[in-house]
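Undergrad: Heads up: the sequence lines are chains A and B, in that order. Each residue of the first sequence is one higher than the one before, starting from 1 at the first, in the numbering used here. Each residue of the second sequence is one higher than the one before, starting from 1001 at the first, in the numbering used here.
Calculated from the structure, these hints are not laboratory results. Some hints could be false.
[To be verified] Once the Cα atoms are required to be at most 30 Å apart in a straight line, the calculated BS3-like pairs of lysine-lysine come out as:
1. A:Lys-8 - B:Lys-1106
2. B:Lys-1272 - B:Lys-1288
3. B:Lys-1125 - A:Lys-2
4. A:Lys-8 - B:Lys-1111
5. B:Lys-1288 - B:Lys-1268
6. B:Lys-1110 - A:Lys-8
[Stated by the list, open to error] Computed far set for chain B versus chain A, every beta-carbon distance over 10 Å:
7. Met-1001
8. Phe-1167
9. Asn-1255
10. Asp-1263
Since the structure is predicted, the reported quantities are computational estimates derived from the model, not experimental observations. From the three backbone atoms N, C-alpha and C, an ideal C-beta is built for every residue, glycine too.
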Amino acid sequence: MKLFYLFKVSIEKSFKDVIRYKFNTISEILSLYCLFIAMFLGVKVFGSTMNVSPIELGKTIEGFVIGYFLWIIMLMVYENTAYSITNDANRGTLEQISMTNQGLHRVLIVRSISNLIVNLLTCFIVLLTIMETTNYWLDINVLELLLIILLGIFSMFGIGLIFGGLALIFKRIQSLLNVVQYFLIALVITGQGSLSKLVASILPFRPSIDKVYATTLMGNKLSDFPASDYLILIANSVVYFTIGLIVFNRCSKIARKRGLLGQY
Amino acid sequence: MKVIEVNNLVKKYGDLTAVNNISFSVNEGSICAILGPNGSGKTTTIKSICNLIIPDEGNIKLFGKDNKKSIDNIAALFEGTRNLYWRLTPRENLRYFAGIRGLGGKKIEKKIDELLDRFDLEDKKDTVVNNLSRGMRQKVAIAMTLICDTEIIILDEPTLGLDVKSFMEIKNMLRYISNNMKKTVLLSTHDMNLVEEVCEDIIILNRGNIIAQDTIGNLLDMFRSMTYEINLQDTITEEQKEYLSSLENEFYLINDGDALEIDILDSKDIYKIIDILKVKNILIKEVKQKNINFERVYLNLTSGEGK
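Sequences and hints are given; from them, build the entire structure.
TA: What follows is the structure, given as structure tokens:
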């Protein structure tokens, strides 16, 4: 029941943040959309002038669209935990959420999940707008897509917790977050089959990315994948999440020892 | 019953000792003030009690249990921070802070209504905190500490920067919290009027050490018996002033030199003081025991004059 109330108030707050910070919400959607259009046109122009295939990102334009969609989801999830901490430290509410009997990590994880739900709606709005603009309509089974993302996304929560922990100690970690963005682009645009099975299983969220490509681009059904693939996907998610949790709790302890919690 | 027990607490930041082996306890249902100049270790002590700082040595117990395991018993409001989400209304803030502690449902909604009503926030319940006055925000923040019905309420500078009306409202809130809600309140403040009017027990810190720990009544009595005001027949001359400043006893000139104030260790010492004044022909009109306020007690103690 405790977790239920935590989730309830977190999701309420996420929706209210979206509504009450209207300008921020609209500019976020617009910037994500504009960034895509800029990349899309850039790739097209580059392809035409160099007389090469205009689309290398995920091999097809559909791949490019879905790759971008995955990238922004990953970006929102891992940045959310870190920004959540710096924002709360700035607002002077970090002490309050650190004093709950549920533990700071649980509050942050539930809050990140709530934000993910809200952000997924944003992502779908961006995705629909992109498909409309580019006139490339993907044959998406939303439920299948969501299931794959939700099974794997905990790996990104783990990465988010690592950065959240670092934010508790170092406060300003913007530069580091920017670097990780590029790593995530590489993670998404690397086509299926270009990574060895071992590497593809080890990299965070990569098993989910492969499955999303397979369902959206190749028309595979969830039932087409062997059980071992699901096992790898879940294990990847669990391992990164556990590492994130351990690192976060360690950082939280360091911050409490140095008296840094809430101090900005 | 002791609800907060701080035992041999030590906290160092590099070479700086913020808190130096302090021990104290707070009794159930009391309003205890933790006082001291800036940098005396108040915030470190309070944050250690709230488990936001891990001390280097010592331990803290709440209701006899380690504070890490009994954090459920504490709600706090911290100085210099907003404590609230400014884009949420008072009602939404109270609901959120109850929710992150795992509380919700009809019971909490009823409690929110009661608190908003009790602290005259009913009219503003649906206004985002960003649009409330500073005094209102502080009232919402204090209400937030009460929503989870914890036994211990810690308030760090609750009246800082408030106008007279808001100050009076917060003071009344504190009285209500202690008298009607039967909470134990640990209060940190620089506002000696607030301390004198609402607190029972006092802990004074200076440079990480406890320099006084007693009831406010005892501290006032102790200083009242030692401070005398001597009204003079004539305004004191420069020569007499120079003479007084050369003496071991410290005289304070008050009323534009028409009176002196002196702190003495023993009441009998007043005769010696009269003899001293006689030497330079300083004529006395009246000698009276001074009615001291707590601000003077505090200043005496923190400036190292108190014994």
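Undergrad: For every hint, state whether the structure bears it out.
TA: So, going through the hints one by one against the coordinates:
In summary, the hint linking Lys-8 (chain A) to Lys-1106 (chain B) is supported, as the alpha carbons are separated by about 14 Å, within the 30 Å threshold. For the hint linking Lys-1272 (chain B) to Lys-1288 (chain B), the alpha-carbon distance of about 15 Å falls within 30 Å, and the restraint holds. As the CA atoms of Lys-1125 (chain B) and Lys-2 (chain A) are separated by approximately 25 Å, the hinted pair is consistent with the 30 Å bound. A C-alpha spacing of about 18 Å is found between Lys-8 (chain A) and Lys-1111 (chain B), which places the hinted pair at or below 30 Å, so the restraint holds.
Restraint check for Lys-1288 (chain B) and Lys-1268 (chain B): satisfied, since their Cα atoms lie roughly 14 Å apart, inside the 30 Å limit. The suggested pairing of Lys-1110 (chain B) with Lys-8 (chain A) holds, with an alpha-carbon distance near 17 Å, which does not exceed 30 Å. The claim that Met-1001 (chain B) is not at the interface with chain A holds, since no C-beta of that chain comes within 10 Å of its own (minimum 22 Å). Distance check for Phe-1167 (chain B) against chain A: the nearest CB is about 21 Å away, which clears 10 Å, and the non-interface claim stands.
For Asn-1255 (chain B), the condition that its CB be more than 10 Å from all CB atoms of chain A holds, with the nearest at approximately 45 Å. For Asp-1263 (chain B), the condition that its CB be more than 10 Å from all CB atoms of chain A holds, with the nearest at approximately 37 Å.
Comparing the model with each numbered hint stated earlier shows that all of them hold.
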